[in-house]
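K.L.:
Please build the complete structure, drawing on both the sequences and the hints.
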Amino acid sequence: MAERETAAGELGLVQAFVNTVDLMPGKEELTDPNTLQAWLVANGLMDTGQPVDESDLKHALAVREAMRGVIGGNTGLKVYPVDIATLNEAAVASRLRMRFGRGGKPRLEPEAAGAVGALGRLVATLYSAMQAPDWERLKLCSSDPCRWAFYDRSRNHSSRWCTMASCGNREKARRFRHKHK
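So in our numbering, spot 89 of the sequence shown is number 467, and the numbers just go up one at a time.
Be a bit skeptical, because a hint or two may be false.
[Unchecked claim] Cut-off 30 Å, straight-line C-alpha distance, at most; resulting in silico cross-link-like pairs (DSBU-like, lysine-lysine):
hint, residue 1, residue 2
1, Lys405, Lys483
2, Lys436, Lys456
3, Lys436, Lys405
[Stated by the list, open to error] Label pairs and their in silico Cβ distance ranges:
hint, residue 1, residue 2, range
4, Ala510, Glu443, 17 to 25 Å
5, Thr426, Gly454, 18 to 26 Å
6, Gly481, Glu407, 29 to 37 Å
7, Lys559, Ala394, 35 to 43 Å
8, Ala490, Ser532, 33 to 41 Å
9, Glu489, Asp431, 26 to 34 Å
10, Lys456, His535, 24 to 32 Å
11, Pro523, Gly482, 22 to 30 Å
12, Gln509, Thr426, 29 to 37 Å
13, Lys405, Arg480, 38 to 46 Å
14, Lys405, Asn534, 28 to 36 Å
15, Thr413, Pro523, 19 to 27 Å
If you are wondering where the hints come from, they were derived from the structure by calculation, not from laboratory data. These numbers come from a predicted model, not from an experiment. Cβ atoms here follow ideal geometry from the backbone N, Cα and C, with glycine treated the same way.
P.N.:
Printed below as a string of structure tokens:
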């Protein structure tokens, strides 16, 4: 949905990756190794021509859902140990290392190449985004079947739905019907 709020920079990259599946209509962008490769290349996480296979796709989908779980913590949801373990495994598999860049700025970089390294870059991006002051504005829609990651632009950080027009109205109507049974 075009009207959903999006973040910029590293936070936006994390949000874009998590939202490669739209759970409400069930639209999946990462349907096979080729679509994963195209997404990773298009987002500057991997060079063209590096192979991606089914195990990379399975790993990417697990990392994506672990990231969704961590973002859920900003919405008051429990962050499950399996999500933490999945992200830790991705960091270890990519052999993330701290490096100093130009001007002495530290950053995490994977030593692994290919899709494993690209997923390591995403985990490093998540880490960096979590250090930013606007991290807590990245939330999951409170509509249980939706769970879209959105950027909360409200002044008091109180938005609960990715859009009021769809999920917000649907949830309010559901509560009203339940209350007046």
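K.L.:
Determine for every hint whether it applies to the structure shown.
P.N.:
Cross-check of the supplied hints:
no., hint, result
1, Lys405 with Lys483, "violated (38 Å)"
2, Lys436 with Lys456, "holds (23 Å)"
3, Lys436 with Lys405, "holds (17 Å)"
4, Ala510 with Glu443: 17 to 25 Å, "holds (22 Å)"
5, Thr426 with Gly454: 18 to 26 Å, "violated (41 Å)"
6, Gly481 with Glu407: 29 to 37 Å, "holds (35 Å)"
7, Lys559 with Ala394: 35 to 43 Å, "holds (40 Å)"
8, Ala490 with Ser532: 33 to 41 Å, "holds (39 Å)"
9, Glu489 with Asp431: 26 to 34 Å, "violated (20 Å)"
10, Lys456 with His535: 24 to 32 Å, "violated (19 Å)"
11, Pro523 with Gly482: 22 to 30 Å, "violated (46 Å)"
12, Gln509 with Thr426: 29 to 37 Å, "holds (30 Å)"
13, Lys405 with Arg480: 38 to 46 Å, "holds (40 Å)"
14, Lys405 with Asn534: 28 to 36 Å, "holds (32 Å)"
15, Thr413 with Pro523: 19 to 27 Å, "holds (23 Å)"
Of the hints listed earlier, those the structure fails to meet are numbers 1, 5, 9, 10 and 11, in rising order.
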